[in-house]
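Enquirer: Got two chains here, each in a separate frame; can you build the complex from them with the hints?
Chains as they are written, first to last, in our numbering: chain W, 1 to 445; chain G, 1001 to 1448.
Calculated from the structure, these hints are not laboratory results.
Glycine included, each C-beta is placed from N, C-alpha and C at the ideal position.
Be aware that a few hints might be false.
Computed, partial: chain G to chain W, Cβ under 7 Å [as the list claims (entries may be wrong)]: (1) Val1023; (2) Val1026; (3) Glu1030; (4) Phe1046; (5) Ser1047; (6) Asn1050; (7) Ser1071; (8) Glu1104; (9) Gly1397.
Each chain, written out:
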Amino acid sequence: MIALNDLAKKALDHAIKLGVDQCDVFVQDSSTRVVEIERSTIATSSVIEDSGISVRAYYRGGLGFAYTMRIDADSAAEISRRAASLSKKTQSDPEFKSLPEPRDARPVEGLYDRELAEMSAEGVLRLSDDLLNGASEVGGSLVSGMVAVREETRCLLNSLGVEIEERGTWSYLSMMSIVREGDLVGSFADFDGGRRLRDLKAYELGRKVSEKAREYLGARSVKTSDTQLILGHVPVFWTLAGIVGSCLSAESVQRDRSFLAGRLNDRIASNSLTITDDGTAPSGLGSSIWDGEGVPRKRISVVSQGVLKSYLYDSYTAGKAGVESTGHAVRPSYKRGVEIAPTNIQIALGDRTLEEIIADTKDGVLIESGALAPNPVNGEISTSIDFGFKIEKGEISHPLKNAMIGANAAGLLRGIVAVSKDYREEPGSIIPAILFDRVRISGGL
Amino acid sequence: MDFADLRLVHKVSTTVSVQDGRVEEVTGGEDFGACARVLLEGAWGFSATNGVGFEDLSRILDNALRLAKSSASRTSYSGSVFKSERRQVTHRPRVEVDPREIPEEDKIDLISNIERELRGSDSKIVNSAVGYRDLYVLENIVDSLGSCVEDESIRTLISLSAVAREGSDRQSAFEILGETAGFEFVRKLDYHDVAVKTARRASSLLAAKDPPSGKFQVVLDNAVVGLFAHEAIGHNAEADSVATGESIFKDSVGSYMAQEELSIVDDPTIPNAFGSYAFDSEGIKGEKKYVIEHGRLVGLLHSLESSAHLSAKPTGNARAMDHQFLPIVRMSNTYVEPRDLSFEELVEDVDEGIYCKGGYWGYVYVERGQFTCNVAEGYMVKNGEISDHLRGFSIGGNTVEVLKNVTGIGNDMKLKLPGSCGKKGQSISVDAGGPHVRVRDMIVGGLR
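The shape of chain G in the complex, shown without the other chains (with noise of 0.2 Å):
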């Protein structure tokens, strides 16, 4: 055997939905088990049971050896993993108020109120919901180098859904405010703000112009420029498909792709950020790093098996869902940086173009760097004034052509997307942002 490790996962979650002024629905839930992983010739066995007794780790264990085995002489996978040091750790989250002793009642009381907000904002809302949920995850992991690394996590996450109608037209927004917190997180959030904002952005968008067609000189804004860093830099930056060959970096590690004031980072140890993490799923810490600096891509994502296979370091990026799945390499918290362009310098130069707000969702194929990014609402920019307002739309590229097409680098820096990412069949939990960034000749899917 080349290597083995253990993982023990225990999640206790609560959620709550109200809609259309009516708690409709509060859950518990408690997932509890355990997998075994093992290395054995080149091959990978794993195994996931929903125990975590003596018993049910000794099986596992016997079975990932045994499909190891199987697979190993069948196949001409070289499998290795990085002889990391041995690491002895237990982290606890920091948080001032732990959901799990907090009473549903209130943890109801305060939805309702935002539900009561979001509904009550605009006579134009004609279903409005809002959701809640925290989630307590313990992660054991021991190997077979030694190590034993125990790591807590509290997240705590709202969502906002509105549609408006007016006639048989309806439009529809949508927010999502999550961080690696307690409850506090939502008792000192501003959510007057949001649920009228959220509330607003529907009914406005039934006045606003269908999206139009072709390239297009855009400003993204902090959400959808941090879809772009996390779609079209991130996943192809994920070393799992480096090493597969797959992506489009797999020769460019090095290499200059765009101009030398972009840079992009993924950082799990942002203070709060949804994305955020100590350890990752196989022990190994998490740390900041540079994927794009200076215009060079200088650094991938890695797991203890990417890192060995392409004689990188490991970067603590192999996360799992849970007990029953494989860490996999993911992102964390991926950002572009400011730089020193204020949005009203980065819009004045634009003759005609596309201010992109807001987004919910994105893809990318990583062997060709064919993303798409979903954009919730849009400007019109003519002659350097923001316009006509738009409704949503996508927009998509090339990630080698539009990182050479970054024209200008704003000064505000926000994450603006705590979410889920998917990947594999497993959801983990991630950020994104960056400030607003310029881009000519992006492809924007208008109907007109």
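Just chain W, with the same shape it has in the complex (with noise of 0.2 Å):
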């Protein structure tokens, strides 16, 4: 195959030419390797080869787009010239700067994994075994999910001189547990991710799932009430990292369709929150050199003992509102355009352990799996509790079963009343328990 870095150079050498104000070209090959599970084994073996090319061509601020799966000198041509005969067509936008200019960036350490790259689809399969010796070790559950395990490299050069190649490994597990007895259904899914194979703890998860499954038998509806409500590990990294996607990110704020625009500096959530955003987090999950643009990644106060400290931008953003950019583009595929999300999201912690907190909780409900996903634009949230326990004078009572939960995630944020010591790190993110004031839950009795 031709080297990916020439082919870059072609056809930002070609856009360049067709007279576009400003272009980038960015190039990625991805090898995956993926088991997945099924009736408590493994029922298929994967390898997905991927490799694309994608040009986003400026003229006058409009932007055209082009990608192709055909790696060779022609198609990139090609689609070089179809950005930049798309770019024509757009409206110009006095509000695009540039793109962002070329910056040296520090090393980050822990992205590429040897053992991983190199993993064959024989340890792929050893890996699924010890998720399957995890979950056996419980027994009596149905099992399914899956291991994947990729290599990636990515180029990206742009027309103001950015040329930079990064290579990175990803491993995911995710895995669902069901165990029936009698009429009765527990289940329960979580999942485990790293950068490295040593960061992975496969047979953990397997039992970790399964045993927590059997935890959710003989769930209970409850009555429709008013009551304090403790997010567990998994669901505040879910409804956290949410929020911070969804509604801090600088293009939701700038089009006026986050609850949170126009509320920099100000108190958007109680003492206890401080969030961090950490996209050089060694072996982060979410961590690179450089962002989908070429600015380098950076770790950012997002929030401040409540206090709103900063959006996420992109250099589109950034230049829109004057700043810098904060080094939040993603690009998820060739196949689209840049986009801003988190890296990796760091919670300051508190000062009780999750078990402290529930045993201080006279009425209250668990939710140990899942996201409240708020509406960004208004903060509305709605939805089931799927995974969730009663707590009852300080204990966890039963799970619940027909269970939902209204709430705002403004009041929800201005409601946290305490942050647990106690936390899970995935690769770069640190994820407390979070204790809320009561919210509302709609019950089936």
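Expert: Okay, structure coming up:
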């Protein structure tokens, strides 16, 4: 195959010759090995090779974008021509300032692991065996899930001289366990991720998920009431990462479609909440040296003791706001342009353990999986409690069935009572549990 | 080797994005690749690459065989496929205007007009966005049973999004319209009406009340009943999760689960519907089938593998997002069949309840039948009369319990949910709908 960097250079030169103002070229080459687990055994083993090239061309600020999966010089030239042509059909945008200039960045440790990169299909099967062995130690459950190992090289060049190449490895394990006893059903799902083989704990995941599934047998309905809410580690991760990603993205804010628009330096949460986003965390799942536009990743304070300190910017929204990009442009795939997303969320810890918080809760609900995803426009939250327990007099009473939660994210953030001192660490992220003031729980009784 | 197939996929798409009065982005993309799937001694191997040359195909077949072999030695999985008859078919879509032949300028003009209508329809709109996408897909499937199927499809879709603001209070509205059709679909659209309704919905929600919480008698509109049919019933009827023993329907085929009037259908043959297709990604012809017929669970949605496992006929429901994914059991257009009650008749028997209108998303845990459906807006119903306007919320419940609680089925059938359904990382075009349906004891996740 033609060297990715050479191909990107050819596409870039071609686009510049076509008279666009600025452009960048992104090439991605990946190999993903996946084992799928069904009926508590290995069902499918896969290898997916994927490579593609995309061009973003700007003409008077308007954006033309084209991609192809054909990795050859003619196709690269063709998408350059297409992107340039499409950019001239958009309307001028005076808010577009510039793509990033080249900047040096410090290396980030632990983003590429030779053991993962060179892992054979047999190796991925062994990881799957570990997951299944963990589950079978508990026994009596029906297990499904997957193990994925990915190696990727990405090149980014732009017309201002950015020229970068990064390699990375990732692995992602997910598992669901179902336990049936008569008419009772208990289930649980969880995941593990890492950039290095040594970060993965497949056996422990298999065992933990199957143990948890058993705890969810015998779910019962509750009455509709206001009660305290404890979000466990995983729901805190998905909920806060979701709020940071969808409501603090400068794109949402500048478009006036976030309930947190216009709130910079305002108090948006209780004193207990401090959130940092660190795109340079060693071996972090969301870490990289540069973001998707070639801006060095950095560590930023998002919320400090309840005060909103920063939105997340890419180069376009930073130019529009007259600030520096925070390095939050991501490119999930060459098939799409740039989006704004958090990298690794780190939440400052409190001084009580989750166990102590539960013991201090007279009447509450604990949610252990899922997210409270708000409508980013108004912060409204309304969803089911899929994996939750009723807490009565400081003790976990029973799993919940037919229970829903209604809240507003603004009120929820202001109503944070405590953050736990114990936490879950997914590579790069630090995620405690959080106790919230009273929320509305709809029940089936 | 027990079975093998090769699938070649070519996709061409154009998108246009117009936001806040400006054509922001126009994109063009091409997907191009192949995948091979091999079943050996009960285990599957799968390999995909972005190339369709002879060497590419040989390599991925070898890879898939090797992967199946290495899995077979360490699994108790007993995969098998239904030995379908040999198929030699070519299907071309009948569209009036192939969007690939329309200049981008025409698409931009039309979408700009829609966005202008959306933005100008209400003074409280602070953000308006209209997106357009057309997608051509060519799928070639050959398998070791001797089949050779070539299927082309074209879909066209537009989305409208509006945000209204008053002080610091913001509300949003969203609308998607799509068909398995060419550019004629957007040309024929009464977009003025759609744009005005979307903008006014966002604006009117500013004055709406917070939704209540608890158990209510509800009347579901065409969209929410589509979400219910798709999430609560359809996903549980996907035979892959029945074959694995996960779905709540695993021992229920043949059982009566609802009142006699309730029938739920999955039908990929509805002309122009967004979830329609001629052949699935295993080259099996799509067909209309009842999941629930007069209250009885009569059928499941099948792939070649699930039909072999459960000794049933394939139904043409194995679909793959592209060549990088395995075909898995998916829905097409899923709906509740209409009966004879008018909307007024459904509402007049409600003493205190909620009319649930429009919905954007939902999900289900099939092992418990625990489903959640989003509702875009609602109205309180008091003594048979529509009253207070309510902001968005979600409804939820247990499939088996809620099926028994259906108390009335309307006569105004509509498919109202063109869009995407996600499963195992794959996003697939589907639609859903039905008539208005009344259900008692639905749980409403409100704020008060």
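Enquirer: Is the hint on Glu1104 (chain G) kept, meaning its closest Cβ partner in chain W is under 7 Å away?
Expert: holds (5 Å)
Enquirer: When the nearest CB of chain W is found for Phe1046 (chain G), is that gap smaller than 7 Å?
Expert: holds (4 Å)
Enquirer: Tell me if the interface restraint on Ser1071 (chain G) is satisfied: Cβ within less than 7 Å of some Cβ in chain W.
Expert: Because about 4 Å separates Ser1071 (chain G) from the closest Cβ in chain W, which is inside the 7 Å limit, the hint holds.
Enquirer: At a threshold of 7 Å, is the proposed contact between Asn1050 (chain G) and chain W supported by beta-carbon distances?
Expert: For Asn1050 (chain G), the interface hint holds, since the closest Cβ of chain W sits about 4 Å away, which is under 7 Å.
Enquirer: Just to be careful: measuring from the Cβ of Glu1030 (chain G) to every Cβ in chain W, is the smallest value less than 7 Å?
Expert: This interface hint holds because 5 Å falls under the 7 Å limit.
Enquirer: Any CB of chain W closer than 7 Å to the CB of Ser1047 (chain G)?
Expert: holds (5 Å)
Enquirer: Classify the hint on Gly1397 (chain G) as holds or violated, based on whether any CB of chain W lies nearer than 7 Å to its CB.
Expert: Because about 6 Å separates Gly1397 (chain G) from the closest Cβ in chain W, which is inside the 7 Å limit, the hint holds.
Enquirer: Please check whether Val1023 (chain G) passes as an interface residue: C-beta within 7 Å of a C-beta belonging to chain W.
Expert: holds (5 Å)
Enquirer: Close enough to count: is the Cβ of Val1026 (chain G) nearer than 7 Å to one in chain W?
Expert: holds (4 Å)
Violated hints for the displayed structure: none, as all numbered hints are satisfied.
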